[in-house]
Amino acid sequence: MRRVRLVSILVAVVVAAACGSTGGGGTPANSYSGKTIKLGAVLSITGAGGVYGPQSRDGMNLAVDEINKAGGVNGAQIHLDVKDDASLQSQSAQVAQTMIQSDQDLALLGPTLSNSAVAVHPLAENLKTPILAVSTTGIHIVPDCNFPKTDPCRFVFRDSLGEETAIPDNIKSYAADAHPATGVLLVAQDDKFSSDGGKIVQATVATYNINLLKVIKFNKAEADLSPYVTQAVAAKPDVIFITSLGGIPAKIMIEARKQGWAGQFLGGNGFNTATVSKNAGAAGQGARSASAWYLGNSFPSNADFVSAFKTAYGHDPDQFAAQGYAGIKIIADAAKRANLTFSDLPGDREKLRAAMETVNIQTPLGPFQFTSTHDVKQTVWIIKMDGNGGFTLVHQIT
Amino acid sequence: MGQQILNAIFIGSIYALFAVGYTLVFGVLDILNLAHSAVFTLAAAVTYTLVVNHGQSFWVACALGIVIAALMGLVIEYLCLRPLRRRRAPPIAALISTIGLALIIVAAIEQGRPGTLFSWLWVDGANPVTMPPGTFPNPTWNVAGLTLEGAKLAVIPISIVLMLILGYVMRFTQVGRGLRAVAENPRAARLMGIDVDRMISLTLVISSALGGLAGILFGVALGDISPYIGRDSVEVRGLAVIVLGGMGSIPGAVLGGYVLGAIEVLAVVLLGSNVRAGVAFAALFLMLVLRPQGLFGAQLRERL
Amino acid sequence: MDFLIQLFTDPIAFWSSHTLLISQIGINSILASSLFVVLYSGQLSLAAPGFMAIGAYASVLMDIYWRLPLALAFAAATALAGIVGVVVGLPVLRLRGVFLAIATIGFIEALSLGVILNVPITGEGLGLKNPDADPVSGIYIVLVSTAVIVFLLWRLTKGRLGYAWSAIRQDELAALSQGIDVPRYKLIAFVISAIVAGYAGAAEAHLFFILDPNEYGVPRTVQVLTFAVLGGSGTVLGPVVGALFLTIFPFIFQQAGDYIGVVSGIVLILVIIFRPQGILGRGGFAFVRPRWWPRPQVSAPSTG
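Protein chains in written order, with this note's numbering: chain W, 1 to 398; chain H, 1001 to 1304; chain G, 2001 to 2304.
Don't read these hints as lab results, they were simulated from the structure. Everything numeric in this text was worked out from a predicted model, so none of it was measured. Even glycine gets a Cβ: it sits at the ideal position worked out from N, Cα and C. Hints are supplied without guarantee of correctness; some may be wrong.
A few chain H positions that, by computed beta-carbon distances, are all more than 12 Å from chain G [as the list claims (entries may be wrong)]:
(1) LEU1074
(2) SER1097
(3) GLY1134
(4) ASN1138
(5) THR1140
(6) LEU1146
(7) ALA1151
(8) ARG1171
(9) ARG1177
(10) LEU1266
(11) ALA1282
Here are the computed distance ranges between Cβ atoms for each label pair [said to hold, decoys possible]:
(12) GLY1055/H with ASP316/W: 16 to 26 Å
(13) TRP2154/G with VAL1060/H: 51 to 61 Å
(14) PRO1114/H with ASN360/W: 33 to 43 Å
(15) ILE1158/H with PRO367/W: 52 to 62 Å
(16) GLY1055/H with ASN209/W: 23 to 33 Å
Footprint (simulated), chain G over chain W, 3 or more residues, beta carbon under 8 Å [claimed, not checked]:
(17) 84-95
(18) 143-149
(19) 286-299
Produce the complete structure using the sequences and hints provided.
Structural data, given as structure tokens:
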């Protein structure tokens, strides 16, 4: 009895030692063992973007933990530093510069909001540091981060499906389902994300024979949106387009329902998180948007991702978590192939940048590759709010 | 159009309630209490937390929210104002200390997340939240093309009743006379045996209670509670209101609140949102340049 | 604390990895100096962010559309701020104390919310992109200008202007009776303050790739006011010290992590209570003293 136990313990120890040292594969040619890959994420944990930032952060941390536990990137551990930009452009820029210059991070992720990206991405480009956007979906993010200058930004990438694809897909899908004739657009004119979304809506509706009766603009910080919703409802449209983010979509939907409007809400990326669905509650039921990710999607690595996330955090992940998770995986994959020296930071950043362009991996978002403009091309999921804090799938557009 | 009028009356009531507190402090103390908007926010946040995270009934939570707001008035007096008076500090220091307190309050709410230091106060961080439906009665009627919401409508009589009570207290009770005496001439009031410090505390308590109530009504009726509602919605508009109405004048603050509500909604309807706040402040600037005492303020005495 | 350690052990690396922070300290110092000028002359003008906005937008627009060289764009933008300073300063000359403060708040909000948001060329609510920003080498311009401006203002306070401003600050009526042309000197102070703030705006705009109209509203003015009061506005270096301290503060107290807002508020209150005249102290301003607010102790005995 005792002998068997001793042997099994010995076997277990040997197996554990063998598994621990190889990290899931033979020793690769460029071993980084003992080194640390420093990454920085500038996210909106507070402020209007605070509805999305924590999700991205949780997804990223999950990926970092998984990679580190499996032996790291060729033996190097990833160290991810997440800092809050309070949804403020100036703070976003300052945090990013600190990470690039002072913390000497190899690469950056974020920022959360398209508004902040306008300040941060040109900065990263200027300081020659790779930056991967994980939730900004506005226009002129990639490749022309220095718009109106047209030269492409070489160091800026994104894994978050742009509104230029998502919104038209959403409108097209609903138009095919229900043939609406009229619509009203509510747009926060001082928010880049919302404003970009609004422009895309206006450019798209004619194609599907939807007559845009009114474009109602408001300012994102206003708490009292009733005058605007009143105007929208008074026009009696079939559809109300809401391209805002944060707490605004839920407020508009609740107010519109209160005022007796029974039509369809169509939104942008701002809809795609549980907080918005929960806050909208019954008023939001059936509201549709195009998402880069769906809880029940059947891509290979998705199920593992979802269950690992639930185990770690106690609730379902959302699109932002998936994009954050994928973001880390993308950078890790690039780092593996980049032949980093860990002694020449500018050189390493350039190598990482080049390696990112050739990434080709499986992620919960599906098989992932960057387009020639460092953008994303992927399956689009049309989802609708279920009235209970969740979403159900309407269509899948490959 | 009728709906817009209702919108204007509702938001005007909120502005009025908030501004009365502001103007009361200014009238008695000649100080702008910049922590007032933080108390507005705090009361709404506390009410929400009590209902959602501590399982209290809505009415109990509201009552507690108002009580906490009133207590904050004491905090403002004892922490921010009295030490400065004792040290004979220049009056602008009071402005800064109330700014400091406002910063603390808002930051504490903003940092409230599960597992952090302030999770007893608030757990939603920077996210805006809404009172869950069903926690408070909110019957909605659709009459003649108008949507009438119980919660929003209730704000109007509540505000008016409170203002009447306050007016009565100020005019006809001994406490009210004491407050007015201090507002008029504190040295003389002290000589007449009035406990000035106590009057000041009372002023802050009443003012903060009103501000807190405004916050609760705002958050509940509009369905928007977040660490930023004070800063975004009432902080600066409150100034516009008390200037319009005359600083130190309570009826002025009330009227000013409704006037501002009307101006804003009118601007939205006629000109679009971009000019909404701009119009309010242009009006403010012009009022100060042309008629600084506002609609109801007494002639500007030279205060030396 | 690593922040401070790096500062002392490896200043060169510190310098190159904190250019934006050091530049921001410079900008905040210039802004604080702008406020110093008006405070020194007894005017509680909170208009600095408005003039900043004019300087910022004007310089960037001139760069984008007229391709003006940097120095020329700065000069023109600053001059424009000065002109607007005259236009705004004239009507508000009569206003005192808190009324002037509120009028200037009205001005900055009307400017950022009313004007900037409605003029398409400014990019309206989305902000104005500045493709020629230079976050790294902009620092030299900023630091040199800070030194020059602070020196010039210091010289001014030693001369006839400074004497007049001091007299006006302490007692406007007495200054008038001494034959000082009070309105003229007040306007001069206001316009100089506008010019300095406009320059700060242009310089700051040069560091960032986008201008955001929300940066030029009430929160900004509260921030600048805090620099000045915390640092003490008796001397031009006071606000500079205040700016330095408050800008660096979040970095030093990185340990506070998420709670930096709460800690800042507490520190603010503590500093203002225990040193109400500010860090560098010396003189507050008696621009408006409520009749009953205790006067600071006068050290020299008064005659009569």
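Hint check, failures only: Violated hints: 2, 11, 16, 19; rest satisfied.
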